[in-house]
Amino acid sequence: MFNYTFHWNQALRALPQMLDGALVTLQVAVLSMVIGLACAIALTGFRLSGSRILSGIAAVWVEVARNTPALFQIYMAHFGLGNFGIHLSPYAALLAGIAFNNAGYLAENFRGALKAIPETQTRAGRSLGMNSLQAFRFIVLPQMLRVAYLPATNQMVWAILMTSLGVTVGMNTDLAGVTQELNARSFRTFEFFAIAAVIYYFIAKAVTLAARALAWRMFRY
Amino acid sequence: MLDTALTWNDLLFLGQGAAMTLAVTAVSVAAGTIMGIIFGVIRFQAGPIWSMPLMFFLDIFRSVPLLIQLVLGNALQSIAKLGWPPFTTSCVVLSLYTAAYCTEIVRGGIASVPVTTRRAGRSLGMTWGQDMRYIVAPLATRVSLPAWIGLTLGVMKDSALVLWLGLIELLRASQILVTRLQEPLFILLICGAIYFIISFPIARLGGYLERRWSPHD
Numbered sequence: 001m002f003n004y005t006f007h008w009n010q011a012l013r014a015l016p017q018m019l020d021g022a023l024v025t026l027q028v029a030v031l032s033m034v035i036g037l038a039c040a041i042a043l044t045g046f047r048l049s050g051s052r053i054l055s056g057i058a059a060v061w062v063e064v065a066r067n068t069p070a071l072f073q074i075y076m077a078h079f080g081l082g083n084f085g086i087h088l089s090p091y092a093a094l095l096a097g098i099a100f101n102n103a104g105y106l107a108e109n110f111r112g113a114l115k116a117i118p119e120t121q122t123r124a125g126r127s128l129g130m131n132s133l134q135a136f137r138f139i140v141l142p143q144m145l146r147v148a149y150l151p152a153t154n155q156m157v158w159a160i161l162m163t164s165l166g167v168t169v170g171m172n173t174d175l176a177g178v179t180q181e182l183n184a185r186s187f188r189t190f191e192f193f194a195i196a197a198v199i200y201y202f203i204a205k206a207v208t209l210a211a212r213a214l215a216w217r218m219f220r221y
Numbered sequence: 001m002l003d004t005a006l007t008w009n010d011l012l013f014l015g016q017g018a019a020m021t022l023a024v025t026a027v028s029v030a031a032g033t034i035m036g037i038i039f040g041v042i043r044f045q046a047g048p049i050w051s052m053p054l055m056f057f058l059d060i061f062r063s064v065p066l067l068i069q070l071v072l073g074n075a076l077q078s079i080a081k082l083g084w085p086p087f088t089t090s091c092v093v094l095s096l097y098t099a100a101y102c103t104e105i106v107r108g109g110i111a112s113v114p115v116t117t118r119r120a121g122r123s124l125g126m127t128w129g130q131d132m133r134y135i136v137a138p139l140a141t142r143v144s145l146p147a148w149i150g151l152t153l154g155v156m157k158d159s160a161l162v163l164w165l166g167l168i169e170l171l172r173a174s175q176i177l178v179t180r181l182q183e184p185l186f187i188l189l190i191c192g193a194i195y196f197i198i199s200f201p202i203a204r205l206g207g208y209l210e211r212r213w214s215p216h217d
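Line order of the protein sequences matches chains A and B.
Heads up: the first sequence begins at 1 in the UniProt record's numbering, then just goes up one per residue.
Heads up: the second sequence begins at 1 in the UniProt record's numbering, then just goes up one per residue.
It should be emphasised that the hints constitute simulated quantities derived from the structure, not laboratory data.
For clarity, every value in this text was computed on a predicted model and none was experimentally measured.
We treat Cβ as the ideally placed atom computed from N, Cα and C, and that holds for glycine.
Incorrect hints may have been included.
[Unchecked claim] Simulated restraints on C-beta separations:
no. : chain 1 : residue 1 : chain 2 : residue 2 : range
1   : B       : Leu209    : A       : Gln17     : 43 to 49 Å
2   : A       : Gly82     : B       : Lys81     : 26 to 32 Å
3   : A       : Val60     : B       : Arg212    : 21 to 27 Å
4   : A       : Ser49     : B       : Asn9      : 31 to 37 Å
5   : A       : Gln17     : B       : Arg212    : 51 to 57 Å
Okay, chain A solo, but in the shape it has when bound (with noise of 0.2 Å):
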């Protein structure tokens, strides 16, 4: 059944690059963290505002973001935008649609842990003389964003997920690029693509402990 030799010296001899591709793909995934991170909160301050033009846009997006693929959206990024004249580098495509996606669920995370704040907390604020903006900045946020703090964490392990499909626009200087680079040079799949499934399992695990590890420090009080 298994008249397969297993060349696994020449997959580890190239560790060192794939190392040095985790660590594009680290960067990828916290850079749209921080990008989905922030959007998502404007999202959440444009459905609080009662702007219908802004609850609109913050709707589309977040159900947009949730379904459809993200695949589709990196192809969003990298094709489709073309058709306006914006050609994005496979980095920036694959930046671009996790950050998009990221965004909607994180959004979508964050209207959950919304309903855990009273309103009265924000009547509160505006009653202290703060304005909509104050209160939300300084009463709501801090709260809302303890609360969906772990369903956050799990949406970084996603976004480190997520970049593999980035081999699919071209990407190669990520895990899963480079891995492909190397496959494709050599035609030792299994070898090369099972060391990457390793650093990507480790990579992930390593996110979940230090999140935890940061929720412990953090959340104390």
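Given chain A, work out where chain B should sit, using these hints.
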């Protein structure tokens, strides 16, 4: 944008791609759910310590990108000389992927049934099987169904990745059309609209059930 070169035949081609997406999803979710229920019951019965090997195995499917899983699955089946077509490989990998998530949902559902309710059933003379069948199953389904719908939609969207194995599903079909017609935005918009039309109503149904069946209201 309105004077497009897209013909009805091309739309039909997209439709076939969508059918492939749905077929992969249906097979994977069906198989994955059955496995997920079995694993979930084992996970609940065996307790956190004895089920650790199983949970570690399933955790791999949630911590490694699906694309890598698909490539590995395909490489493995060719190493083992199984001679599976891409459709089978995709379905096997996606089923295990689904099962990994479904196990947690099932476990959560079973855990949400109050112990007292189950004890009441057992003290009426029900066997473990009867307890599972008539008490736990209906109550756990109620709790788990919204999450399961979410999982199904997630798998439907993630099934786009099987294009890497050469299966012509919706996204690959639109990519082929883009290459031929050079109208990326228009064709991708149609493709996205099809995904949206499949996903959005079901997502709404899931959200409705979640509100409607929430035990806290």
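Original post:
Is it true that Val60 of chain A and Arg212 of chain B lie within 21 to 27 Å of each other by Cβ?
Top reply: 25 Å, holds
Original post:
Cβ-Cβ distance between Ser49 of chain A and Asn9 of chain B: within 31 to 37 Å?
Top reply: Check failed, 46 Å falls outside 31 to 37 Å.
Original post:
Has the hinted range 26 to 32 Å been met by the Cβ atoms of Gly82 of chain A and Lys81 of chain B?
Top reply: 42 Å, violated
**OP:** Indicate whether the distance between the beta carbons of Gln17 of chain A and Arg212 of chain B respects the range 51 to 57 Å.
**Re:** About 52 Å separates the Cβ atoms of Gln17 of chain A and Arg212 of chain B, which means 51 to 57 Å holds.
**OP:** State, for the Cβ atoms of Leu209 of chain B and Gln17 of chain A, whether the hinted interval 43 to 49 Å holds or is violated.
**Re:** 48 Å, holds
Checked against the numbered hints given earlier, the structure breaks hints 2, 4 and satisfies all the rest.
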